[in-house]
Each structure stands twice: as structure tokens, then as C-alpha cells.
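Colleague: Listed below are the residues making up each chain.
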Amino acid sequence: MGAIKIKLTDIVFFLAILLIVFSIFNVFFDIITYDSLRQKITGEVSNAYVNISVDPSLEINLSSSVVNWSVGTINAGEVNATLYTRGSSNGNVSRGNWSGVNAKAFIVENVGSSNCSLFFQASKNASTLFLSSSGSNQEYQWNASNKEPGACINSSGLDNGWTNWSDVNITSGGTKICSQIGYTDNMDEVYVDILLTVPYDALNTGSLTDTVTLTCNAI
Amino acid sequence: MKKRLTLGFNLGIVIILNLCFVSASLGISPAKIITDFEPGNKFFVEFQVRGAGSDQQLDVSAEGDFAEHVTFDKTSLVGREAFTVYVDLPSIAEKPGDNKLFIMVAENFTGEGGVAAKLKVGALILIRVPYPGRYAEIRSLGISEVNEQEPVEYSLVVDNFGSETVYVNSKVKVYSEDKILEVYDFDSKLISPKESATFNKVISEGYEDGVYLANAIIDYGEGEKNLSKTFQIGTLFVDVLNWSSEFIFGKINEFEIEVKSMWNNEISFVYAEVNITKKDEQVDFFKTPTIFLRKQESGFLKGFLNAENLKKGKYKAEINLFYDGESSQKIVDIQLKSPKEPINKIYLIGGGIIAFLILLIVYILFKRGRKK
Chain C
27 MGAIKIKLTD IVFFLAILLI VFSIFNVFFD IITYDSLRQK ITGEVSNAYV NISVDPSLEI
87 NLSSSVVNWS VGTINAGEVN ATLYTRGSSN GNVSRGNWSG VNAKAFIVEN VGSSNCSLFF
147 QASKNASTLF LSSSGSNQEY QWNASNKEPG ACINSSGLDN GWTNWSDVNI TSGGTKICSQ
207 IGYTDNMDEV YVDILLTVPY DALNTGSLTD TVTLTCNAI
Chain P
693 MKKRLTLGFN LGIVIILNLC FVSASLGISP AKIITDFEPG NKFFVEFQVR GAGSDQQLDV
753 SAEGDFAEHV TFDKTSLVGR EAFTVYVDLP SIAEKPGDNK LFIMVAENFT GEGGVAAKLK
813 VGALILIRVP YPGRYAEIRS LGISEVNEQE PVEYSLVVDN FGSETVYVNS KVKVYSEDKI
873 LEVYDFDSKL ISPKESATFN KVISEGYEDG VYLANAIIDY GEGEKNLSKT FQIGTLFVDV
933 LNWSSEFIFG KINEFEIEVK SMWNNEISFV YAEVNITKKD EQVDFFKTPT IFLRKQESGF
993 LKGFLNAENL KKGKYKAEIN LFYDGESSQK IVDIQLKSPK EPINKIYLIG GGIIAFLILL
1053 IVYILFKRGR KK
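Line by line, the protein sequences give chains C and P.
According to this note's numbering, the first sequence is numbered sequentially starting from 27.
According to this note's numbering, the second sequence is numbered sequentially starting from 693.
Since the hints were derived computationally from the structure, they do not count as laboratory data.
Computed from a predicted structure; not experimentally measured.
Below 30 Å or equal to it, Euclidean Cα-Cα: the simulated BS3-like pairs (lysine-lysine) are:
1) Lys-173/C <-> Lys-810/P
2) Lys-724/P <-> Lys-173/C
3) Lys-921/P <-> Lys-173/C
4) Lys-202/C <-> Lys-917/P
5) Lys-1006/P <-> Lys-952/P
6) Lys-970/P <-> Lys-994/P
7) Lys-792/P <-> Lys-886/P
8) Lys-987/P <-> Lys-173/C
9) Lys-734/P <-> Lys-766/P
10) Lys-787/P <-> Lys-202/C
11) Lys-202/C <-> Lys-810/P
12) Lys-971/P <-> Lys-1004/P
13) Lys-150/C <-> Lys-792/P
14) Lys-202/C <-> Lys-766/P
15) Lys-921/P <-> Lys-865/P
16) Lys-810/P <-> Lys-150/C
17) Lys-202/C <-> Lys-792/P
18) Lys-952/P <-> Lys-173/C
19) Lys-994/P <-> Lys-952/P
20) Lys-971/P <-> Lys-1006/P
21) Lys-943/P <-> Lys-1003/P
22) Lys-202/C <-> Lys-724/P
23) Lys-865/P <-> Lys-917/P
24) Lys-792/P <-> Lys-921/P
25) Lys-994/P <-> Lys-173/C
26) Lys-921/P <-> Lys-202/C
27) Lys-893/P <-> Lys-863/P
28) Lys-1059/P <-> Lys-33/C
29) Lys-1022/P <-> Lys-987/P
Working from the sequences, and respecting the hints, build out all of it.
Modeller: As C-alpha cells, then:
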């Protein structure tokens, strides 16, 4: 086995590749520390506030207006599958292969300058959404919780463990889910989570959709 | 055989949602208007839509009390438009008291894929209908925020929501730890329909510091109403609520102390001196910059613990607060621990070494290949 002769051009070639690799790593590192990069570029500081006086107004913001589970099926041998959102985390799927990546809670934020009452109304209930032939193994429910502590004032009944779910209401006006959402920053966001139990014998298949209405009334 | 179900949401929509995270906003201004009911009265209010996207289709409607007596200059809007509501009140109101008329603005769209949400906001027009006969309510109970032994002023505002003049007697009961402390009788006053009156009383001797409950009671001839409110009498004391308790040895660490003023005035210069001790022997000392605290406000004092020459283990921190010629002290436990390497740096260095080795192997193989 003879010794390998290394030319100067080979060394330069190797160093150039090495430089490219380290440049890529540098870019990668800046991306994963995006927040600090953004502050360096824009001067934006997340906890800086400008306070101005305005007329009382009512305004709400919705983080995302769709909960989407994509395409999926019930696992073999199961009579239903349960899908539910869990605040800002990915949605949970049991006994099925739907994706929870785009299934996150509706986050309602009071960005106005007055408190309001929040109501939730669906267009369909579990029966009209799935139309189970046996009339069982189907659920369409909601759950409300504080994203920021104290957002729903005097909200001792609000659930943060995704254990207390209520059937959606399709009657006009819907269900009051919070009597008073405050508008103080850091105390003005609530989660509205959705739970679906998909029955194996649903007569409605294919693309299933529903439109819910989130109403905020001044108080 | 069980049916395999595909839950809604065709592939095209999924791709769009993955690329575009849809959010929405909707608002209305003014949020609330209060008016007294006058038989046959006509009035109009201009509203402005806020927050909506420039091409968002919106529907306008009225809900609640007197909704059937409302007309609009337009019921369909696009984006942040203004619109006018005309209210033509009837000659007779069926329900006395607060009547709530909501002016609703709702997004108009059909959701596609999954569970879609649309927003709806309601501005409140509160129409106060007089009760037949004599009826009054307490609008507010004001109590001055003062310190121990300073005069306390009570201010009670009463509205006559009845159709007749009322003669109102009022008093305030003050409780401390669920026990009645004092009962103060206020002057009696005549209040005409739709009018209000203010009842004031000053307690010159004041109270000791602490939390109290005031319960105002009015008697307007046909019945009683009451309203409660808690209030705090201040004392010149700043308390330590929380503090940093874990630090890294071998470096300088930030030491944060959360404090709360119990004083009902501003305190301009609050600072802390902190002694760090081990077995009663001082190992470090630092002083924080001063901060300003408003009445009953919490704030953070920040200093630096020099642990460059300290070993890991448990220490005592003696926190001495100084403010307005007074001081308070709290002795707490703190702990010095080993440093932890940031995880992303470990990955970065490891990844870099692996990439370097792979490149080296590829290069050597490439060289050998060329030799052959």
C-alpha cells in the first residue's frame, strides 16, 4: 500500500468544503435560535409595550379558524375513534390514524378594551355530523379552559385537564362558555377545544365539515 | 365487515392549511351604550367595524330586547366599514329594568375542511326601563385607599330606576375577619325618577392596617338593596414574596427578588442588600439598584451573586429591604449547583464532528479512487 500524496489544490478543495459545511451549520444554528436572531435584525423586544388611550371597543382574535384532522380511518376491530384538541399542543387521536398536527384548540383572545361574554354554537351535532346507523358511538363536544390564568373572570368551572366535555349546542345563541373574558394583556386568552368520536357505522363519510360560531357580547 | 371511514377533509384543503395558518379578528366600536327608556323615543348610533380583513363579508343584525324596533342603513358589509343603527322605541316597554339590545356583526363564510370557526361580536345598547312605582339601586360604593389611622371616605351612588320619587335611607356595615366592626348611618335623601344621589361619610379616626369588608345597604321604601366591597388599609411595609433559589457555582448569577408594597402611597426608593452566608460566615454581599413601587404594587429587585469562588451546596441569603426610612428582613435558603451544557450546543458540536469525519472519509475514498 503506497503513501497518498496530497497536493496543495487538494488541501484548498478540502478546506473549501469544510468551510461550506461550517457555514451551513452556522445558518442552522441561527435558525434554531430564531427569536434572538429576530431581535438582532428587527430590534423587536417581546415584552415592550406602548399604551394608548382609546374609546371602549369590543374586538376578538382567533389564532386559527380551522381544526383539521386530515384524512384517516378507524383502527381495525374498534367501534369508534376519538380525536380531540389539547390547547396549543397537537391533537390527540385514539383508535384511529388521523393526524393531530393541524388540530389545535381555537384560541380566543379579547384584544378590545371591554370585557365580553363568550358563546359557542355549532351548526351540527354528533348525530347530524356522522349519522351513525346505530345512533351510538358518536360524539361532538367542546371544552373551554383558560390559556392565560384569570382570562375568564371567576371561571372556577373551567377545565384545564380536557376531562369535562359538553355536547355542542346547535340552538340559536349557543352555550355561554365564559361569562366574562377580560382584556388585560396576559389575562385575555381562552382555549376552546373540540372532541370528535367517530363511529364505525357512520353513514356520512368522505369530507365532513362543520362551522361553529364563537360570539363575544359586550357586558 | 366494518366500514372504513374517511373523516372529511379532502387532500387539497389539507395542503392549503399546511401552508397557510388561518387566523381571524373581528371587532366593533363603541362596545356599549347606556340610555334611559323614553316612550316613542327615536335615536341612532354609528358603529365602526374593527379588525376584519379588507375583503371579509359581514352580516349585521339586532338581537335581544327591542330588536324588532331596530333598522340599519345596511345589513351587509365588507371589511372595516361603518354603519348606522336606527332605534325606534315603542310607547310601552314590557320589561322594567335593564333591557339588553345587541348589535351583532358576524363573519359570513362557509367553512371548508374540518371544524371551522366564524366570529361574531355584539355591541350592547343598554336601555333602562323605569320600574313602576318606587325602585332604587346602588350604582357604586367608593372607599378611599388610605393607610392606617388616616381618614377613610365612603361614597355611595344610588340611582332611582322607578317611576316615582323615592326617599332613601342608607348605611354601611364594616366587617373585619367576619366580625362586624362598625355601622355608619348616612344622611337620608329624596331622589326623583331617573335621577341619582351621592351619599358621603368620612371616618376621621381611620382603621388599623388590614383587609376589611364594607356592606352598603339602602332602603327605598319598597325594599332594600345592598352592595359589598373589600378594601385594604395600608401600612408602610414591603414584603419579600419570592426569590431566586438555584444558582450555578463558578460564575456570576442574577439574583431576583419579588417584593410587594403594602403601603397605599407610592414608595420611590426600594432596594435590597443581600448577605450570602455559609455556616454564619459571609461569603458574598451585593446591593440591588432601587425601584419605584406604586400603591400595593409588586416589583422585582435584581442583583448579582458572585459564585466564581464558591462551591456547590446550600447557603443562606439574608435579604434586607430598605424603603422610606424603614427596613424589613427575610432569611432564605439558596443552592449552588453544577452548570449544565446547553443541549443545542452539544448537538451542534457533535453534528459538526460527525460531518467532519464523514467528509474526511469521503475525501480519502475519493483520493484512493483517483489513484486507481
